[in-house]
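*Asks:* Protein chains in written order, with my numbering: chain A, 336 to 642; chain B, 1299 to 1520; chain C, 1244 to 1385; chain D, 440 to 1450.
Since the hints were derived computationally from the structure, they do not count as laboratory data.
You may find that some hints are simply not true.
To be verified - Chain B regions said to be covered by chain D (calculated; three or more residues, Cβ under 8 Å):
| # | stretch |
| --- | --- |
| 1 | 1335-1344 |
| 2 | 1446-1457 |
As the list claims (entries may be wrong) - Computed footprint of chain B on chain C; a stretch qualifies when at least three of its residues, placed anywhere within it, have a C-beta under 8 Å from a C-beta of chain B:
| # | stretch |
| --- | --- |
| 3 | 1270-1280 |
| 4 | 1338-1351 |
Said to hold, decoys possible - Restraint-style ranges between C-beta atoms, simulated for each label pair:
| # | chain 1 | residue 1 | chain 2 | residue 2 | range |
| --- | --- | --- | --- | --- | --- |
| 5 | D | Lys913 | B | Gly1355 | 50 to 58 Å |
| 6 | C | Lys1378 | B | Pro1316 | 46 to 54 Å |
| 7 | D | Gly1404 | A | Ser426 | 50 to 58 Å |
| 8 | B | Gly1488 | D | Lys1093 | 26 to 34 Å |
| 9 | A | Val571 | D | Leu1387 | 38 to 46 Å |
| 10 | A | Glu579 | B | Glu1428 | 38 to 46 Å |
We put the CB at the ideal spot given by N, CA and C, even for glycine.
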Amino acid sequence: MKSDSNLEKVLAAGHFAVTGELGPPRGANLQAIKDKATHLKGMVDAVNVTDNQTAVVRMASWAVSLVLREMGMEPNYQMVCRDRNRLAMQSDILGAAALGINTMLCLSGDHPSFGDHPQAANVHDIDSIQQIQMVTTMRDQGRFQGGAEIDTPPRMFVGAAANPFGDPFELRVLRLGKKVAAGADFIQTQCIYNMERFAEYMRQAVDMGLTEKTKVLAGVTPLKSAGMARYMAKKVPGMDVPDEVVKRIADQPKEKQAEEGIKLLCEQIEQLREMPGVAGIHLMAIEWEHRVPEIVERAGLLPRPQV
Amino acid sequence: MITAERKPMEEIFRSVEPFGKILLVGCNECVTVCHAGGRKEVAMLASALRMGRLKQGAPLTVDEMTLERQCDPEYAEELALVVDQYDAVCSMACGCGVQTVAERYQGLPVMPMVNTAFMGSSEKNGVWAERCAGCGNCVLGMTGGICPIARCSKRIFNGPCGGSSKGKCEISPDVDCAWQLIWDRLKQLGQTELYSQIMAPKDWRSARDGGPRRIVREDMAI
Amino acid sequence: MSDFEPVVVVFACDYCAYTAADVAGRMNLSYPTGVRILRVPCTGKVEPLYIMQALQKGADGVMVAGCLVGDCHFKNGNLRAAARVKRVQTMLDDIGIGGERVAMVNVSAGQGAKFAEIATEFSKKIGEMGPNPIKQGAKAAA
Amino acid sequence: MNQENSQRTSNSVLVLGGGIAGIKASYDLAEAGRQVYLLEKKPALGGFLPLLDRQFPTNDCNICYLSPDADKAGGARTVQAMPLTKLVSLEGQAGDFNAKVLTSPRFINVDRCNACGACLAACPQGAISFTPGLDTNSPTCLRYPQATPQAFAIDMSKCDRCGECIKVCAPEAIDLDQKEVEQSLEVGSVVLASGGELWDPAPMEEWYGHGRFPDVLTSLEFEQLMSAAGPTGGKFQRPSDGRHPKRIGWIQCAGSRTTKEGGNSYCSSICCMISMKEAIWAMEHFEKDLEATVFFMDMRPMGKDYELYYQRAKNELGVNFVRCRPHTVDYKEETGDLRMSYVDDHGSLGEVDLDLVVLGVGFCAASDAQEQAAVLGIELGSHHFVKADELAPVSTTRPGVYACGMALGPQDIPGSLTQASAAGCMASADLAAPRALRREDDLPKEKDFSGQDPRIGVFFVDWGRVVQEVVDSKTVEEATAKLDGVVHVERLELSYGQDGLAALEKAIGEHKINRVVVAGYSPRTHGRIFAEAIRKAGLNRAYLEMANIREQDALVHHDDPKAATDKAVTLVRTAVAGVRQAKPTPSLTLPFNPDAVVVGGGVAGMSAALGLAGQGGKVYLVERSRELGGLANQLARTLDGRPVAPELAELVEKVKANPNIEILTDTLVVDHKGQVGSFITGVQTGPGMFYRQINHGVTILATGARRYEPTEYLYGQDPKVMTQLEMEKLLASGEGGDALDTVVMIQCVGSRNDDNPTCGRICCRSAVKNALWIKEQKPDAQVFVLYRDMRMPFTSEDAYRQAREEGVLFVRYSPDAPPRVSKDGDTMEVIFKDHILDRELSVEPSALVLSVPQIAADEDTEELCEIFRLQQGPGGFLLEDHPKVKPVDTPAPGVFAAGSVLAPASLAEARTQGLAAAGRALTMVSQMSLVLDTPVAKVNGDRCAACLICVRTCPYGIPYINADGYSEIDPAQCLGCGVCAAECPAQAIQLPGYEDDRMLSRTEALLEGVL
C-alpha cells in the first residue's frame, strides 16, 4: 500500500468503488459542513472536497477535509494549481498528510475569470501533471520538487481528473496516459452522459494498458430537471449530453423529472459496472447530498465494503 | 513588437490637471506601428486635450513632438533644448520610453499617456495579439512554434486542460486554445511524439520571478 | 437657443457627396447656410484628426459624407470613414464634447435632394444640441 | 486594315451615337491620339446606361464610372461632342471620307447655360418637369443629373414661345431663334454606335396590358421606379394606387422569341439578366418578403459567370422561377390585383395574382436604322440590325465603316464596350499612323516658383444673374482683396468661354501670379478646364483651387443673401488658404516602348496582333504549339453554315504576312517583369527551348481554354459516344453514314453542375448547328436534343426555330433526373423523361453526342496568373479588371486579355475581344511617353516606420516596403484616394492637395471667426 487511504484499500480489494463530493461553505460555518457530510457517511468510500471550485472563494479544502476525517470519513483532498505556487502546495500537502489526510486529487483549476475574484493573479507555477509528478516524487522518493530530501514523506494516494469529452478528442486518452505516466493512482472523470463515447474512450484506455496502472472512476451526476439537462448540454464546455438524454427528461411532467433523472443514473451505473476498465463511480450530487443515500441504495451499491 | 493602448481620457485629464503647458511626446517605433503613440495619435490626443480643457475653461497648451525611439537616451536627449518650457512631459511611448525620458529629466513630471500591453504580432490590420511573455527560456521548439506561456490562459505546459472546447479556450470563445493549436501543428510536423513527453516544471528564474533582468554584452559595454 | 445657427463642416467625397451637393444647388434646393463643405478625394482620406481639428476650431458639428455603401469609387473608403467616425465619436463622448456632433452619411452622386435633406436634418439636430461646448469654455477662459 | 489603302492621311474618326458604346469608342480613340467627332441625336450623351439604376453583377451604381468617361469624352481636346446632330451624307472611301452633319438648334447656348433649372421651373405649360427617368422627354430636359453637356434643351414642338424661360435665364442662354447648322467633316473612318430601342409593348397590349393597366411596367420603367433619382424619389410604390408591392412578376421574352405580329423572332439576350437584377435589388432594398417571380421559357444568363448570378438568385436569394409560356395579364377590379395566366411546363394552365407586372421587354433596331444605313451606304442584316459576320464582327459592308453596341444587336454593357474598343481599333487602322501624343509638347515650360512668396490671383467667374441676385459681389471682392497673399482680384465676365480663359492667362503673366483661385463653378465640372488654362499660362496645374460659390452657396441659399454673401467670403478665404500652401505636382514622364507581346495564337490572339500591327511598334505573337489558329482549327463551319477553314486560313496568312508581327511558335512565356511601358518578358522558344527576353510596353493575354474531357455517358468506352466537335468532324468528312440515323445530343455535360457551376455559353449553339447539319445531310435522321435551357442569343434563336421546324426534337431534362445511358452488348439505350408527356422515353441512338464546355486551361491559366500577377475567377478563368466596365482590361496596367482565357467564347467573341484588347492597348502605345500628373500619395522615408499599414489598407495593393526599408508607392499605379495617408500612423504619407497642413489651413479659414 502506498498510503492509508480507504479508497486505495477498497480499490485494491477489487470492489466497485463509490466516491462522493462536498463543496466547502462560503464562510466559517462548521455546522453546514457537518450537516452535508452526514448524508454521505457510510454511503461512499471517499468524499472529494473541492478547492475554491469555479474560482469562487470557499473554506480551505484541507480544513474541510480535516473535519470529515474527524467525523470518521475519508476525504479526497482537492488541490488546484491556480492559487498556489509550488512552495505553498508542498507545505500544504505536508500539513494535510501529518493530520491524517491520505487521499488527494491534483487539478489545474478553473480560470479566475469565472469566479468571484477575476482580478486575482493566476499562479499556475506548475500544471496538474507536474503536480502529480511532484506529489508522487515526495511520497516515493522522499524529495521535494526542488530536490531536497524530506524527513517524513507524505503518504498520499494521488488522483487526477480527466475529461473524456474535452477537445481535441484524440488527445483525451493520450493525456490520460500522461497523467498515468506522471504517477496518478486513480482517475475521476467529468460527468458522463454519452455512454457510447465513454465506452470508446475506455476501450482505448484499456487497449493502451492504462487501466492496469491506474483506477478509473467514472463521473456521474443525476439530472434534476430538463432545465439542468439543457444547461449542461449547451452551456458547460467539454460536456456531452446527447439529445435523447435531454428529451428523456424533458418528456416527463415537471414533477417527475427528478425521479426520471435518478432512474437514468441508476441505469448508467448498471452499465458502468459492466464496462471493462471502470473501477468505480464518482457521484457528483451537487447541492443534492441528501438524495445520495437513496441513489446509492437504488443503484445497489450498499453496503459499502469495510476494508 | 511592444503593443500599447491609449489610456482612458478621464484618467489622462486627471493626470494633466495640474499643468498649463505640456509637451506631448510620441515614439516612432512600436507604438507607431500599433497605432497607440505615433505622430498621428499624438496629434489626435493633443487636439482632444486642447478641446477638453478649453471646454472646462482651463486652456492647456499642448506642443507635439515625436522621437525616433524614446527608449534610447540619445533620442531622449532631443527634448533637452525645449523641455524647460513645460510643466510636464506626457509620453505616448511604452513603459520603456516613459522611464528613459523620466530618468533623463529628473526634475520634470513625466506622465504616461498609454498603457503598455504586451509583446505581440499583428494578426491583421488593426488586430494585435499576444505572442511572447518574455520568460527568458524559449520552448517554442518543443511546442510546434506556439507558446504555451503566452497563449494558454493557464500557461499549462502539459495541456490542454479540460476546458478546451472546439479549439477554443474556456475563458472565451474568441480565444484559441493554445494546446489545440500546438497539437494541430505537431501533427502537421509529424512531431506528435513530443506531446507524449511530460514537460518538466519551468524554472521561472529566467522570467520576472528571478528579479529585474538585464542583458550585458561584455564585448560591447566598454 | 433659437437664434443659434450651427456651423457644420462637411467632408464630402469627390465622386458622390460633393457631386450630390452640386446637384442640390442645381435643383435650387436649400439647406442652412452654416453648412460648409470641404472636398476630399474619398472619405477614406478623412482622418479622425480632421474631424477633431474642425471641432477644435469651433465647428458645432461635422458630417463625413461619402458614397453609398458598396458604391465607393475606391472600393471601401467609405467603410473606413464610418469606422473612424465611430472612433472619434467615442473620443468626443469621453472629452465631453458629445459624439453625436459627428456623423457619417452616405449619398450617391445624383441624390441632391437627399443631400439637402440630410444637411438640414443634421444642422437641426446640432441646433438642438446647442453650440460646441468649447465656445463657452473659451469665453470663460478669456 | 481591311483594304490596302494608300490614302491613310486622316487622323479623324466620326462616331455616331453618344451611348456608352460611342463614348467608349471615342474615348479610346482620343486617348490613342485621334481626333473624334462624336455625334448624338439627343441633347446629351449617355444613351441607356444613365436610365438604369443599378448594374449587375455587383449591383453597383456605375454612373460614376461612366460619367468621368463621358466627361472626358466631352472635355478631351480631341473629342468634339456634337449633341443634337445627325449625319446627312457620307462620301468618299475608307481613309478619306467627307461627312456632312446637321446640328439641330438646342435653343439654349451651351456655353452659357449653367443647368440651374430656372427655365424648367418657369415654363408655364405645366408639362415641364424635370423627372429624370420615366419622363425623359419634357420640353426642357436635362436627361440625368450628371449629363454631358451640362445644359438644358428646348423641344420646340412643345414650346409656344411664351418667353417665360428667357426672363428667368440669368446667363441669358436661351435663344429661341437658333437655326440648324450644317457642317462638313473630313474623316478617315466611321464608327456606328447609334444604339437600339426598347421594344414598345403597344402592339401586344391585348396580352400584356401595358398601357391599359398602370401597374404593368417595362423593365426600364421599373428600374426608374426603384431609382432614388426616379419619379417616386426612391419610394417603392406602384403607379396606380401607391400600394407597396409585395408580389411582383417579371414576364420574360415580352415581344421577343415570338412569331406573333408586332414581336421579334430573335432573342434579346440581355433581358433575363435585367429582370433578375431588378428582382434581387427590389428584394434586398425595398421588400425583404417580396414574392418575386420570373416567368420564363428558357433562362439565358449568357455572359461570363452570369449563370452563377442566376443560381444565387434562385437558390440563395429566393427569387421564384416559373418555366412557362406567359399568356395574358388582366386586372381584377375588386382587389386591384393583376392576374397573370400562363401555360406551364406540363402544358396545364396556371394563374397568379400580382401587385405589379414587369415586362422583360427586348431591344430592337433604332427606328431610323434604315434611313441611317442608306446615308452610310451599308447593308442591314436581319431585323434591321447592322449586318456583320462571325470573323468580321464589327465591320459593316462598307469598308471604313464599323459598328458596335446595340446597332449590331441587343448587347449587354461589357459586350457593347468590347465591341466599341474593337471598332475603335479597326477605325484607327484606316487612319494615318498615329502621331506621338505628348500633351506637354505644345505647352510652355512650367515656371519655377520655389522660394517665392505666394502671389495669389482670385478670379470671379461669371457673376451671372443667378449668383449676383443672391451674393453681393462687391463685398466679396473687397474682402478677398484683403486676404494674405492675394495680389490680384479680377472678374471674368464671359463664362468660361475661350475669351475668359485668355483673360485669365493674360492676368497671370501681367501680375506675376503664381497661385490661382477661381471662384464660381464647382471643381467637379470646371476644375479640369481651369487647370489646363493655368497650365497654358506656365503654372503647374496644382496651383489652382476653386471656390464653389455657385452650386454650394448662391444656388442653395437664394433665400438669405446676407448669409450667402458671408459664406462666399468664407469659401473664397478657404480656397485662398488652401492654394497658399499648394506645391507643384511634378508630372512624371516615363518612356513608353510601343512594342507588344501577345500570348496565344488563336483567333483572339491573332486578332489582337493584327489590330496592333502597324499602329504602334512591333508585335511578338507567342504561341506554345507549332500552329496558329488555336481551338478554331477544330471547327468546320459556323451556325449559319459557312465553312470556317478558309476564313481562318486567311486570318493566319494575314498574320504571317504582316511585317510588323514576329511569330514565335513552340514558345512558352516563363517570366514577366517591369511595368506598363517597359515590360520585359522572358520566353523559351523552339525545340531547344532557347531563352530570350522581349522588351515591350503592353501585353495581351489570349491563351485560350481547353475542352472538357467527359467522363460521363460511356464516353471513351463506346465509339458511338462523341463530343459535338467530334460530330462536327464526322459531318465535315461526309462519312457519317448510318451513325446519323438516330442521334441523341445531351447538353450541359460537364457544366452547370457542382464541379463546374458555370455555363458553357456556346454549346447550345454548337448542338443546333450540328443538328441542322445532320438534317441537311440526312433529312430523315431522327435527332433528339436533351437540354436544360436552350441558350440561343439574338438571331441564333432563328436557327433554333429552324431546327424545330425541320423536326429536331428538343426535350428538356431537369438536373435531378438527367438522361440515363445503358449498354447491353452492342445495343445502347438512352432513357429520358418527357415533361410534356410526363413519361419516360427510350431511344437506341446510332450516335450519342455530348455537349461539353470549354473550361479554363487550369494549370496553364494558373501559371499565367502567377507570371503576370493576376487572379483567377470562378471556374478558373482569368479575372478582368471590372466585369462590367473594363471587360478586356486586367487589374495590371498595360496588360489586357481576350478570348476564352476570360470565359468560353464564340469565334465572333474571340475576334471582337482580340480587337478590343488591341484597341485598349493602342490608347497606351500611341504615346511616346507616359505622363502622369494626377496627385498620388507620397511617402516621406525618414518618417516611415515601415509598419505595413499602407500596404494593408491600399485598396489596390500598391505600396510596398522597398529595399531601403520604407514604404514606396508607384506613382504610375496610385489612384490617389488617400486612404494610406489617412491611415499612416507616422504621418509619413501625404496626398498632394490634401496634405495635413493644407487641410488644417482650409479648416481654419473655413471656421475663421467662429470661435
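*Asks:* Are the hints correct? Go through all of them and say.
*Replies:* Hint check:
1. Only residues whose beta carbon comes within less than 8 Å of a beta carbon in chain D count, and the stretch 1335-1344 of chain B has 5; three or more means the coverage holds.
2. Proximity of the stretch 1446-1457 of chain B to chain D, defined as three or more residues with a beta carbon under 8 Å from a beta carbon of that chain, is not established by the 0 residues found.
3. Requiring three or more residues with a Cβ within less than 8 Å of a Cβ of chain B, the coverage given for the stretch 1270-1280 of chain C is violated, as only 0 such residues are present.
4. Here's how the stretch 1338-1351 of chain C fares: 3 of its residues keep a CB closer than 8 Å to some CB of chain B, so the rule of at least three is met and the hint holds.
5. A hinted range of 50 to 58 Å is violated for the C-beta pair Lys913 (chain D) and Gly1355 (chain B), which are about 40 Å apart.
6. A hinted range of 46 to 54 Å for the beta carbons of Lys1378 (chain C) and Pro1316 (chain B) is inconsistent with their spacing of about 25 Å.
7. Our hint of 50 to 58 Å for Gly1404 (chain D) and Ser426 (chain A) holds, since their Cβ atoms are close to 55 Å apart.
8. For the pair Gly1488 (chain B) and Lys1093 (chain D), the beta carbons lie near 60 Å from each other, so the given range of 26 to 34 Å is not met.
9. Taken as a hint, the range 38 to 46 Å holds for the pair Val571 (chain A) and Leu1387 (chain D), whose Cβ atoms sit roughly 42 Å apart.
10. The hinted window of 38 to 46 Å between Glu579 (chain A) and Glu1428 (chain B) holds, with their beta carbons roughly 42 Å apart.
In summary, the structure is inconsistent with hints 2, 3, 5, 6 and 8 from the numbered list given earlier, while agreeing with the others.
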